[in-house]
Amino acid sequence: MRRALGLLVLVGGPLYLRRRRDARRERVHLHFDDGSTVTLADDAPEAARLLALARRAL
Amino acid sequence: MDAASALADLTEISSQLEEAVLVDGEGAVVASTIADDSGTQRLAGGGLAMLEAAEARFGTGGRAVTQIEASLSEGSIFAARDGNLAIVARTSAAPASGLVLYDLRSCLRTVAEAREKPKPRRRAARKSEPAGA
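Chains A and Y, in that order, are what the protein sequence lines are.
Using the numbering used here, read the first sequence as starting at 2 and increasing by one per residue.
Using the numbering used here, read the second sequence as starting at 215 and increasing by one per residue.
Hints are computed from structural coordinates only; laboratory data are not their basis.
All values derive from a computational prediction rather than experimental measurement.
Be aware that a few hints might be false.
To be verified - Only part of the chain A face toward chain Y is listed, based on derived beta-carbon distances under 7 Å: (1) Leu18; (2) Arg20; (3) Phe33; (4) Asp35; (5) Asp43; (6) Ala55; (7) Arg57.
Heads up, the beta-carbon is just placed ideally off N, CA and C, and yes, glycines get one too.
Please work from the sequences and hints to get the whole structure.
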């Protein structure tokens, strides 16, 4: 039981932290009329202008 | 249903949505949940500028940008367009994007349908005939 719990913390901990970090990252999602989507992370050069415009709108 | 009522319904349904503005094809504000004009213009202008910038950069190869979501740590800005109407909305941070986009699209569709529907004509008042004529 203790071993299973340790394994859960070892595997789940980093995954949980990664998900939390990703949720806090700034990004832009684009949806197109053909059903496709594009996600731009905050370090993508194309995202900088769009994020600046969004910040101005906030 | 008119645009103002559709926006009021939208903000009631979508709890994460804080403010929204409906804009027509020329960029004129159709309805807004923001009381002051400068706030309305800021949100509408920012959202439309995002759509235009995204379209200019990524709208190639016969596909067009219809929705955009910018997630910031302070909140998110959504912009969606359908035909001659666009909607720009501000939400709290980390919203349920799928639900917000669904609600925005539904609002756009409702307003577009209401605008397309011809207004019922008024019946011309009947002339009363003089009694015994």
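To see whether the hints hold, each was checked on the structure:
1. Leu18: Given a least distance of 16 Å, the restraint on A:Leu18 is violated.
2. Arg20: 12 Å, violated
3. Phe33: 4 Å, holds
4. Asp35: 5 Å, holds
5. Asp43: 9 Å, violated
6. Ala55: This hint holds: A:Ala55 lies near chain Y, its Cβ roughly 3 Å from the closest one there, short of 7 Å.
7. Arg57: 5 Å, holds
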